[in-house]
Every structure is written in C-alpha cells, then in structure tokens.
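There are 2 protein chains.
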Amino acid sequence: MQAEIIAVGTELLLGQIANTNAQIISNALREIGIDVYFHTCVGDNQKRLMEVLETALKRSDIIVLTGGLGPTKDDLTKETVALYLNLPLIVDDKSLKNIKRFFAERGRPFTENNFKQALIPDGAVAIENKIGTAPGILLNINGKIIILLPGPPQEMELMLKDAVIPYLSKTCSSTIFSKVLKFYGIGESALEEKLEDLISQQTNPTIAPLAKAGEVTIRLTAKAENRTAAKNIIKPIEDEIIKRVGDFLYGYDDDSVEEIVAGLLSKFNKTIALAESCTGGLMAHKLTNIPGISQFFERGIVSYSNRSKEELLNVNPETIRSYGAVSEETAKEMARGIRISSGTDIGISITGIAGPSGGSIEKPVGLVYIGYSDSNTCYAEKHIFSGRRRDIKERSVNSAFHLLRKMLQRLGD
Amino acid sequence: MQAEIIAVGTELLLGQIANTNAQIISNALREIGIDVYFHTCVGDNQKRLMEVLETALKRSDIIVLTGGLGPTKDDLTKETVALYLNLPLIVDDKSLKNIKRFFAERGRPFTENNFKQALIPDGAVAIENKIGTAPGILLNINGKIIILLPGPPQEMELMLKDAVIPYLSKTCSSTIFSKVLKFYGIGESALEEKLEDLISQQTNPTIAPLAKAGEVTIRLTAKAENRTAAKNIIKPIEDEIIKRVGDFLYGYDDDSVEEIVAGLLSKFNKTIALAESCTGGLMAHKLTNIPGISQFFERGIVSYSNRSKEELLNVNPETIRSYGAVSEETAKEMARGIRISSGTDIGISITGIAGPSGGSIEKPVGLVYIGYSDSNTCYAEKHIFSGRRRDIKERSVNSAFHLLRKMLQRLGD
Numbered sequence: 001m002q003a004e005i006i007a008v009g010t011e012l013l014l015g016q017i018a019n020t021n022a023q024i025i026s027n028a029l030r031e032i033g034i035d036v037y038f039h040t041c042v043g044d045n046q047k048r049l050m051e052v053l054e055t056a057l058k059r060s061d062i063i064v065l066t067g068g069l070g071p072t073k074d075d076l077t078k079e080t081v082a083l084y085l086n087l088p089l090i091v092d093d094k095s096l097k098n099i100k101r102f103f104a105e106r107g108r109p110f111t112e113n114n115f116k117q118a119l120i121p122d123g124a125v126a127i128e129n130k131i132g133t134a135p136g137i138l139l140n141i142n143g144k145i146i147i148l149l150p151g152p153p154q155e156m157e158l159m160l161k162d163a164v165i166p167y168l169s170k171t172c173s174s175t176i177f178s179k180v181l182k183f184y185g186i187g188e189s190a191l192e193e194k195l196e197d198l199i200s201q202q203t204n205p206t207i208a209p210l211a212k213a214g215e216v217t218i219r220l221t222a223k224a225e226n227r228t229a230a231k232n233i234i235k236p237i238e239d240e241i242i243k244r245v246g247d248f249l250y251g252y253d254d255d256s257v258e259e260i261v262a263g264l265l266s267k268f269n270k271t272i273a274l275a276e277s278c279t280g281g282l283m284a285h286k287l288t289n290i291p292g293i294s295q296f297f298e299r300g301i302v303s304y305s306n307r308s309k310e311e312l313l314n315v316n317p318e319t320i321r322s323y324g325a326v327s328e329e330t331a332k333e334m335a336r337g338i339r340i341s342s343g344t345d346i347g348i349s350i351t352g353i354a355g356p357s358g359g360s361i362e363k364p365v366g367l368v369y370i371g372y373s374d375s376n377t378c379y380a381e382k383h384i385f386s387g388r389r390r391d392i393k394e395r396s397v398n399s400a401f402h403l404l405r406k407m408l409q410r411l412g413d
Numbered sequence: 001m002q003a004e005i006i007a008v009g010t011e012l013l014l015g016q017i018a019n020t021n022a023q024i025i026s027n028a029l030r031e032i033g034i035d036v037y038f039h040t041c042v043g044d045n046q047k048r049l050m051e052v053l054e055t056a057l058k059r060s061d062i063i064v065l066t067g068g069l070g071p072t073k074d075d076l077t078k079e080t081v082a083l084y085l086n087l088p089l090i091v092d093d094k095s096l097k098n099i100k101r102f103f104a105e106r107g108r109p110f111t112e113n114n115f116k117q118a119l120i121p122d123g124a125v126a127i128e129n130k131i132g133t134a135p136g137i138l139l140n141i142n143g144k145i146i147i148l149l150p151g152p153p154q155e156m157e158l159m160l161k162d163a164v165i166p167y168l169s170k171t172c173s174s175t176i177f178s179k180v181l182k183f184y185g186i187g188e189s190a191l192e193e194k195l196e197d198l199i200s201q202q203t204n205p206t207i208a209p210l211a212k213a214g215e216v217t218i219r220l221t222a223k224a225e226n227r228t229a230a231k232n233i234i235k236p237i238e239d240e241i242i243k244r245v246g247d248f249l250y251g252y253d254d255d256s257v258e259e260i261v262a263g264l265l266s267k268f269n270k271t272i273a274l275a276e277s278c279t280g281g282l283m284a285h286k287l288t289n290i291p292g293i294s295q296f297f298e299r300g301i302v303s304y305s306n307r308s309k310e311e312l313l314n315v316n317p318e319t320i321r322s323y324g325a326v327s328e329e330t331a332k333e334m335a336r337g338i339r340i341s342s343g344t345d346i347g348i349s350i351t352g353i354a355g356p357s358g359g360s361i362e363k364p365v366g367l368v369y370i371g372y373s374d375s376n377t378c379y380a381e382k383h384i385f386s387g388r389r390r391d392i393k394e395r396s397v398n399s400a401f402h403l404l405r406k407m408l409q410r411l412g413d
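For the protein sequence lines, the chains are D and P, in the order given.
When the count follows our numbering, it moves up by one through the first sequence with no breaks and lands on 413 for the last residue.
When the count follows our numbering, it moves up by one through the second sequence with no breaks and lands on 413 for the last residue.
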C-alpha cells in the first residue's frame with residue numbers, strides 16, 4: 001500500500017507554521033509498513049486543492065488530508081473532496097450532538113456556522129473528535145482510502161492513534177517494526193565508532209543513530225511478514241549493541257527519562273521533592289506530566305530569589321555569601337533543605353545561570369549544579385551547558401532526571 | 001510571480017524530520033511579495049522527482065528545490081533537473097576549489113565522491129556554500145527560475161539570505177506585508193460572525209482567522225508597492241476590527257501572553273509569586289523563560305500535596321476539608337497565602353484536576369480554579385477545560401496568564 005499526505009492551509013504556505021502533521025503521520029504509517037511517497041501542502045483554495053487531489057488519487061492508494069475541516073468559509077477540504085467524488089454532504093447526527101455538547105459544556109452559544117462541521121460525505125464514516133469539534137472522516141471508495149483529519153495537531157494525533165492506524169493496520173500485510181535504543185552519557189561519534197562494523201553491514205535490520213539534545217538514539221528497523229518475525233531479526237543485533245555500549249543505555253522507544261524515574265519511584269516506593277532555581281519549575285512540570293505522580297511527588301519550590309532559598313530551603317545565608325547562589329555548596333544545602341522540610345525520601349536541587357546575562361568569567365552562562373540528597377548521602381554534580389536560555393533549562397532538567405535515575409537504579413542493585 | 005517549493009529526501013517521508021526548510025523559504029518569499037502555492041516532499045527517487053518537477057514547471061514560475069545535493073548516490077536532485085531540462089553537467093571551478101579547501105582546512109582527505117558536488121548544469125550559476133561543500137544552483141531557463149539549495153537548514157538559510165532573496169527581489173516589484181492580531185476570550189466562530197461582512201469582502205488586505213489552543217488570531221495581509229503602502233492598506237481594516245472585537249485583543253504578531261505579562265510587571269514595577277497545584281510548575285517555567293524576569297518573579301511553589309498547601313501557603317486545613325483542594329475557597333487562600341509569605345505585590349494560584357483520573361461528577365477532570373490576590377482584592381475564576389492532562393495544564397496556565405494580564409492592565413486605566 002502506498003500513501004501520500006496532503007496538508008491544507010494557507011498558513012503553511014505563508015510559513016506561519018511548519019508541516020509537523022506530515023511528519024507525525026509519516027512516522028505512524030511507517031510503523032505499520034505503509035510507504036509514504038509524497039507530502040503536499042496546498043492553500044485554502046478549492047481549485048488548487050482539486051488539482052492536488054486528482055494527482056494524488058492517480059498515484060496513491062491511501063490519501064491522508066489534514067486541515068480545513070473547521071467552521072469557517074476558509075475551511076473547504078471536506079467540501080472539495082465531496083465535490084471531486086460527486087458525493088452529497090449529509091448530517092452526521094452523532095457528530096452534531098458532540099459539537100453541540102462541546103459548546104454547551106463551555107457555556108458558549110452554538111453558532112450557525114458550526115453546523116457545517118457535522119456534515120460528512122455520503123458513505124463516509126465519521127471519526128469522533130474527543131477534544132475539539134470537527135470530526136475526522138474516513139472514506140473507502142473505488143479502491144482508494146481517503147482520510148480527512150483536522151489541522152490542529154492535538155486533535156489530528158488523537159484520531160490518528162485511536163482510529164486511523166487501527167483501521168489501516170488491517171489493510172496491510174507486511175510489517176515494518178522499529179525499536180529505538182536510547183543512550184545517555186555517550187556522544188554520537190563515540191557510539192558510532194564502537195558500532196561501525198555493525199552499521200556498515202546493515203541491511204535488515206537497518207541501524208540508524210541519531211543525536212538529540214542530551215542523548216543519542218539508535219533505531220533498529222526490520223521488515224518481515226509479521227511483528228514476531230521482525231522482532232526476531234532485531235534481537236541478535238540489539239544484543240550485540242547492548243554488549244558493546246549497554247552501560248549507556250537507559251530506555252527504549254518512547255520512554256522518557258521522567259517516565260523511567262516515575263516508574264523507579266513507584267517500584268522502590270520513594271517520595272521526592274524538588275528545589276529549582278535556574279530551571280524555574282521545568283523539572284516539576286515534566287514530572288507532573290506523568291499521571292499518578294502525586295503519590296510520590298510531594299512538592300516543588302521554585303526558589304528564584306536568595307530570600308526564598310533561605311526561607312523555604314533553609315540554605316544558610318553565609319553559604320550564599322561565601323560561595324554564591326550558584327555553587328556546589330548551595331546546591332547541596334538546597335537538596336538537603338527541600339528533602340527535610342518536605343519530609344520526603346529524596347531531595348533534588350538545580351541552581352545555575354541560564355543566561356543570557358548574569359554570567360562571569362568564573363561562573364559563565366551555562367554553569368549549573370545539580371544536587372541530590374537522601375538519608376545516606378548528599379552531593380552535587382557540576383555541568384557546563386551550551387545553548388540559549390531554554391536549551392540550558394532543558395539540558396539541566398534532563399541531567400537532573402538522569403542523576404535521579406542512576407541513584408534510584410542503585411537501590412535495586 | 002508564483003512559486004513552489006520541493007523538498008527532496010526520504011528522511012522527510014519517513015517522518016524523521018519535519019520540513020522546516022519549506023517554512024523558512026515560504027516566509028522569506030512572502031516578505032518580498034512572491035506567492036507560494038504549493039509545497040511538495042518527495043524521496044530520493046529519480047522517477048518520482050521527475051514527475052514532481054514536471055508538475056511544478058507547468059504551474060509555477062519559480063521552483064525552489066532543497067536537498068539531494070550531497071556527495072552520495074542517494075543525492076540526485078541536480079542530476080534529475082539536468083536530465084529533465086536536457087542540460088549537460090559541467091565542472092564549476094570555483095565550487096571545486098571551495099570544496100577542496102573545505103577538506104584541506106579540516107585535515108580530511110578529498111574523496112572522489114565529492115567531485116560530484118562541483119558539477120552544475122550548463123548555463124546555471126553556482127551559489128557559494130560558505131559553511132559546507134555543496135554549492136547552490138540558480139537556473140533561469142525558458143521563463144522559469146529554478147533554484148537548488150542544500151538540505152541542511154543552516155546551509156540552505158545562508159544561501160537563501162545572501163543570494164536567492166537578493167536575486168528574486170529584483171524580479172518582483174511588490175511587497176506582501178502581514179500583521180497578526182491575537183485574541184483571547186472569544187471563539188473562532190463568534191469572532192468570524194462579528195467580522196463576516198469584512199471577511200467576505202476581503203481582497204487586499206486578506207483577512208484570515210485561525211484558532212489555536214486558547215486563542216484566535218487574525219492575519220491581515222496586504223500587497224502593495226512597498227511596506228509603508230501595505231501598512232496603509234491594513235490600517236483602516238485593523239481599526240474596524242478593533243472597533244468591533246477590540247475588547248478581546250491582547251497582542252500582535254509574535255507576542256506571547258507571558259511576554260506581555262512580563263512587560264506589564266516591569267512597567268508597573270510589581271513583584272509576583274506563584275502557587276501551582278495541577279499545573280505542576282508549568283506557569284513558573286513559562287515565566288522564567290523570559291530573560292530578566294528574576295527582578296519581578298520572587299518564587300513559585302508547586303504545592304502538590306495538601307500538606308504543602310497548608311505549610312507553605314497557609315491554607316486552612318478546614319477549608320480543604322470543607323470545600324476540597326480543588327475549590328474557589330482553596331484557590332483564594334493559596335493566592336493570598338503565596339502573596340503574603342513571599343512578600344510580593346501579587347499572588348497567583350492554580351488548583352484543578354488535570355486527569356486522567358481523580359475526577360468525579362461534581363468535580364470533573366478539567367475543572368480548574370485560578371486565584372488572584374493583591375493588596376486590594378482576592379478572587380478566583382472557575383474554568384472547565386477539555387483535552388488530555390498536558391492540554392489541561394497548558395490551558396490552565398494560558399488562562400492564568402490572561403487573568404494576570406487583565407488585572408495588570410487595569411492598573412494602567
């Protein structure tokens with residue numbers, strides 16, 4: 001099966017946003033073994049969309065369109081597809097009910113132009129929009145599968161996962177299966193050197209290293225008749241990679257370090273509190289993205305001022321005067337202070353200079369100390385990160401999670 | 001002049017990267033008044049690239065291709081364009097010298113496959129690559145302009161700025177100028193209804209509404225001989241829009257609500273502290289993304305447990321027992337508590353149920369109270385947000401910033 005993706009929206013052609021929908025959909029289709037051969041962006045223009053649709057229907061079996069399903073006159077994807085296929089638009093009662101409920105729940109009036117969102121081409125199946133108004137649309141006609149999804153990435157992604165991929169999975173017989181190994185603490189080139197012979201011989205599975213901020217991943221991709229056969233192709237190569245660089249391996253696939261940390265907190269039944277300075281709450285934010293974390297995460301303090309470090313974390317004013325707020329000593333006192341005041345098993349602290357100003361020769365922008373405290377030990381790690389303010393915040397939090405992961409993993413040894 | 005962009009590279013179709021090049025090029029072309037009507041992505045495949053090229057040459061005056069100019073066998077953009085136009089490839093001496101120097105400077109051997117990068121179609125002009133090896137290529141043939149740029153965004157962007165835009169600027173006499181108006185507190189359809197007559201009459205400027213999470217924007221785009229003339233075309237329409245829905249306008253172009261809030265805190269010299277529960281530090285994180293905010297942001301508390309609400313925010317245990325942690329009363333006490341304990345002018349609190357579990361019939365997932373306290377007033381707003389855990393966090397924080405913005409703006413009235 002061969003697919004293509006058409007994104008509809010003038011905002012894409014104006015360069016207001018990047019076409020991340022195409023990336024997300026391509027990724028999802030690849031995982032179930034469907035080849036994507038083309039992406040197209042076209043504006044909110046019926047004539048040009050019609051041309052694009054015609055070309056797509058000639059060369060592809062599956063066409064996924066995103067965008068242009070909203071209530072305004074600009075939104076004409078559905079209308080154009082229906083016109084091209086000569087299908088009347090009919091009201092989908094369930095969608096209409098959903099849309100009316102959406103407005104009612106928010107105490108907002110259901111304006112007449114929203115009615116249009118409940119129309120679908122005759123013969124199509126509506127895909128429920130759980131977080132917005134416009135339903136998705138699934139059409140299987142003349143041997144072609146045509147799928148219409150809303151433009152907002154959150155709505156699109158939810159429908160893709162819940163409805164489109166399950167539907168398409170049934171239609172394809174060979175499988176591509178990928179497994180991603182995630183490494184921390186080793187650079188891309190060092191990793192590649194250790195695996196050079198494996199990478200150069202790669203055919204099935206393929207071995208693709210990729211460097212991201214603060215980590216390196218290796219994607220192993222196998223093509224086989226089914227998932228089990230693909231997994232069996234990957235297994236020996238994965239084992240060999242782990243034999244060589246397994247010390248740096250921290251997770252697989254979509255594992256995030258914060259999810260791994262949350263799992264370890266749960267496994268060892270440990271509670272935690274955070275004291276953040278330069279990262280300004282980012283670590284607490286990432287940790288609290290994980291459902292159920294309230295059982296283990298007691299509190300976070302964003303101690304941006306020295307006064308708050310002293311009052312809330314019991315940092316000795318003398319320590320700040322002698323060593324500075326960004327120092328190993330302050331980081332340790334912050335970690336110990338938050339652990340004791342919150343009554344948790346573990347305290348983590350981050351203090352540093354995120355920039356762009358505030359740096360000096362001795363303490364440059366990017367200097368960050370990460371503190372760790374439990375009932376047995378208390379210490380701090382020094383890092384120097386590069387990048388902009390946001391990069392430094394991200395990298396600091398990433399390192400803090402990895403420090404925490406390593407300390408928790410030792411509990412299991 | 002009408003342009004389209006073709007990105008060549010299988011990595012795009014696999015979903016490994018997003019097509020940010022198309023966004024960057026579109027933006028640059030828009031600024032010099034060139035309309036972009038299509039983006040296409042195609043893999044490293046000569047037959048399919050040939051088809052895409054043929055379609056593009058039929059419908060567009062300017063075709064910008066990116067990617068596929070490197071030294072490997074996969075890289076075949078230049079070869080395909082030359083083949084399609086029936087032009088021989090010839091050595092560009094200056095490019096060859098550049099490439100050899102590039103390797104020499106890095107102490108790396110000039111391997112034979114790099115020779116291919118110095119070839120350009122006969123009649124084309126090479127664009128120097130100042131930071132890499134493959135030159136760009138500019139072809140003006142049969143009334144069409146065909147531009148080939150490397151795939152790596154940094155190399156592409158430098159050539160675009162230094163060579164392509166100056167060249168194309170000469171070929172087009174008009175400018176497109178856009179202004180974005182940002183609204184909060186009104187839905188897309190309600191906004192459009194109030195502006196329906198303006199939108200339906202739109203020609204120059206065009207009026208394009210767009211809904212994003214928690215806000216609606218309107219892009220006004222004018223075409224004129226120069227920037228000033230374009231601005232003059234936009235002005236009366238902008239004034240009319242503001243007359244009708246100006247109450248909901250909060251910013252322009254790339255303004256973010258947190259930047260506006262930071263500007264207002266600075267303008268009125270007000271300090272602030274945050275008490276977050278369900279948003280887990282996200283508001284503090286967003287606020288601390290802004291350089292220099294430490295002057296106004298004193299501290300944040302992520303009071304995830306009831307104990308931390310009582311200890312750090314002085315919330316009365318009786319209030320939590322009677323009304324619950326997610327209630328108007330608790331939100332107000334949290335806001336007052338953080339303001340008084342931190343000694344700031346303003347305290348903001350957020351307490352709610354981010355889900356996926358923890359909801360009930362009376363207090364569903366998505367129920368969020370946002371509290372505000374200053375020396376004169378203390379109150380809380382009730383919201384019900386939809387979406388996943390992260391969406392609810394995002395929307396809560398967005399609303400909290402808008403509440404804060406409105407309260408700060410009143411100080412100026």
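Source of the hints: derived by calculation from the structure; they are not laboratory data.
For glycine and all other residues, C-beta sits at the position ideal for the given N, C-alpha and C.
A hint or two may mislead.
[Stated by the list, open to error] Simulated pairs of lysine-lysine, PhoX-like, Cα-Cα distance not exceeding 20 Å:
(1) P:K212 / D:K130
(2) D:K73 / P:K58
(3) D:K161 / D:K130
(4) P:K406 / D:K47
(5) P:K267 / P:K58
(6) P:K130 / D:K116
(7) P:K406 / D:K73
[Stated by the list, open to error] Quick look at which bits of chain D chain P covers, simulated, 3 or more residues with Cβ under 8 Å:
(8) 13 to 20
(9) 223 to 229
(10) 279 to 287
(11) 299 to 309
(12) 354 to 362
(13) 400 to 410
[What the hints assert, rightly or not] Below, a sample of chain P positions facing chain D; criterion: calculated Cβ distance under 10 Å:
(14) A7
(15) V42
(16) Q46
(17) R48
(18) A104
(19) G107
(20) T111
(21) V180
(22) Y184
(23) E215
(24) S342
We went through each hint and held it up to the structure:
In summary, the hint linking P:K212 to D:K130 is supported, as the alpha carbons are separated by about 16 Å, within the 20 Å threshold. For a cut-off of 20 Å, the pair hint linking D:K73 to P:K58 is broken: about 29 Å separates their Cα positions. Annotation: proposed proximity of D:K161 to D:K130 holds, straight-line Cα distance about 12 Å (limit 20 Å). Restraint check for P:K406 and D:K47: not satisfied, since their Cα atoms lie roughly 44 Å apart, outside the 20 Å limit.
A distance of roughly 55 Å separates the Cα atoms of P:K267 and P:K58; the hinted pair therefore is violated under the 20 Å criterion. This hinted pair does not check out: P:K130 and D:K116 have alpha carbons roughly 52 Å apart, beyond 20 Å. Proposed proximity of P:K406 and D:K73 is contradicted: the alpha carbons are some 32 Å apart, above 20 Å. With a cut-off of 8 Å between beta carbons, the stretch 13 to 20 of chain D has 8 residues touching chain P; three or more are needed, and the interface restraint holds.
Figure legend: the stretch 223 to 229 of chain D, annotated as covered by chain P; annotation inconsistent (0 residues with Cβ-Cβ distances under 8 Å, at least 3 required). Proximity of the stretch 279 to 287 of chain D to chain P, defined as three or more residues with a beta carbon under 8 Å from a beta carbon of that chain, is established by the 8 residues found. Only residues whose C-beta sits within less than 8 Å of a C-beta in chain P count toward coverage, and the stretch 299 to 309 of chain D has 9 of them, enough to reach three; the restraint holds. Counting residues of the stretch 354 to 362 of chain D whose C-beta lies closer than 8 Å to any C-beta of chain P gives 4; at least three are required, and the coverage claim holds.
Closer than 8 Å: that is the beta-carbon criterion, and the stretch 400 to 410 of chain D has 0 residues meeting it against chain P, so the requirement of 3 is violated. Taking 10 Å as the C-beta cut-off, the interface hint given for P:A7 holds, the closest approach to chain D being about 8 Å. The restraint placing P:V42 at the interface with chain D holds, with a minimum CB-CB distance near 6 Å, inside the 10 Å limit. With a cut of 10 Å, the hint placing P:Q46 at the interface with chain D is violated, because the nearest CB-to-CB distance is about 13 Å.
Checking P:R48 against chain D: minimum C-beta separation of about 6 Å stays under 10 Å; hint holds. Taken as an interface hint, P:A104 does not check out: its beta carbon lies about 21 Å from the nearest beta carbon of chain D, beyond 10 Å. Because the beta carbon of P:G107 sits about 16 Å from the nearest beta carbon in chain D, more than 10 Å, this interface hint is broken. For P:T111, the suggested interface contact is broken, since its CB lies about 15 Å from the closest CB of chain D, more than 10 Å.
About 8 Å separates the beta-carbon of P:V180 from the nearest beta-carbon of chain D, less than 10 Å, and the hint is met. At its closest, the beta carbon of P:Y184 sits 14 Å from a beta carbon of chain D; the interface hint therefore is violated under the 10 Å criterion. Evaluation of the P:E215 hint against chain D yields a violated restraint, the C-beta minimum of about 12 Å exceeding 10 Å. At its closest, the beta carbon of P:S342 sits 7 Å from a beta carbon of chain D; the interface hint therefore holds under the 10 Å criterion.
Violated hints, listed in ascending order, are 2, 4, 5, 6, 7, 9, 13, 16, 18, 19, 20, 22 and 23; each of the other numbered hints is respected by the structure.
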